[in-house]
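Numbering (our numbering), first residue to last: 1 to 101.
These are calculated hints, taken from the structure and not from any lab test.
One or more hints might be untrue.
Cβ-Cβ distance ranges computed for the label pairs, FRET-style [to be verified]:
| # | residue 1 | residue 2 | range |
| --- | --- | --- | --- |
| 1 | Gly45 | Val13 | 14 to 22 Å |
| 2 | Leu76 | Thr9 | 38 to 46 Å |
| 3 | Pro23 | Met1 | 40 to 48 Å |
| 4 | Met79 | Arg49 | 40 to 48 Å |
| 5 | Thr3 | Pro81 | 58 to 66 Å |
| 6 | Gly45 | Val7 | 48 to 56 Å |
| 7 | Val7 | Glu43 | 17 to 25 Å |
| 8 | Pro83 | Pro23 | 55 to 63 Å |
| 9 | Gly45 | Glu5 | 17 to 25 Å |
| 10 | Val101 | Lys21 | 50 to 58 Å |
Think of the CB as a built atom: it goes at the ideal place given N, C-alpha and C, for glycine as much as any other residue.
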Amino acid sequence: MITTEFVATATDVTTCEACWKQPVEAARVGQGVRDLLCLSCAEAGYPARTVLFPPLGIRGLTQAKVEMGKHKAPGLPKMPPDPGPPLPNPKPTPTPNKPPV
Numbered sequence: 001m002i003t004t005e006f007v008a009t010a011t012d013v014t015t016c017e018a019c020w021k022q023p024v025e026a027a028r029v030g031q032g033v034r035d036l037l038c039l040s041c042a043e044a045g046y047p048a049r050t051v052l053f054p055p056l057g058i059r060g061l062t063q064a065k066v067e068m069g070k071h072k073a074p075g076l077p078k079m080p081p082d083p084g085p086p087l088p089n090p091k092p093t094p095t096p097n098k099p100p101v
């Protein structure tokens, strides 16, 4: 259902969600979804191009990945399993007239 009588909130976009050029003049209300469109896009039935803030972010996280703990806040830094050989002590002196590689 398309309506031109809708209440815009402070977080609503002001540019058409389908063409991203014209100002919002109509709202298309569906099953729990409200698309804010310009009149020409609403009459033509164009879909909204993107969901600006999906529930689990723009990277497409799934609830399963969140529950597995792969995307929780990191703790303290950890050493790698094999840090490699120690650094030389004292530091080697640079060769004169040759840039470091």
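Evaluated hints:
1. Gly45 / Val13: 14 to 22 Å: With Cβ atoms ~19 Å apart, the hint holds.
2. Leu76 / Thr9: 38 to 46 Å: 41 Å, holds
3. Pro23 / Met1: 40 to 48 Å: Hint violated: Cβ distance 21 Å, outside 40 to 48 Å.
4. Met79 / Arg49: 40 to 48 Å: 45 Å, holds
5. Thr3 / Pro81: 58 to 66 Å: 60 Å, holds
6. Gly45 / Val7: 48 to 56 Å: 23 Å, violated
7. Val7 / Glu43: 17 to 25 Å: Holds - the Cβ-Cβ distance for Val7 and Glu43, about 21 Å, lies within 17 to 25 Å.
8. Pro83 / Pro23: 55 to 63 Å: 57 Å, holds
9. Gly45 / Glu5: 17 to 25 Å: Given about 20 Å between the Cβ atoms, the range holds.
10. Val101 / Lys21: 50 to 58 Å: With Cβ atoms ~52 Å apart, the hint holds.
Checked against the numbered hints listed earlier, the structure breaks hints 3, 6; every other hint is satisfied.
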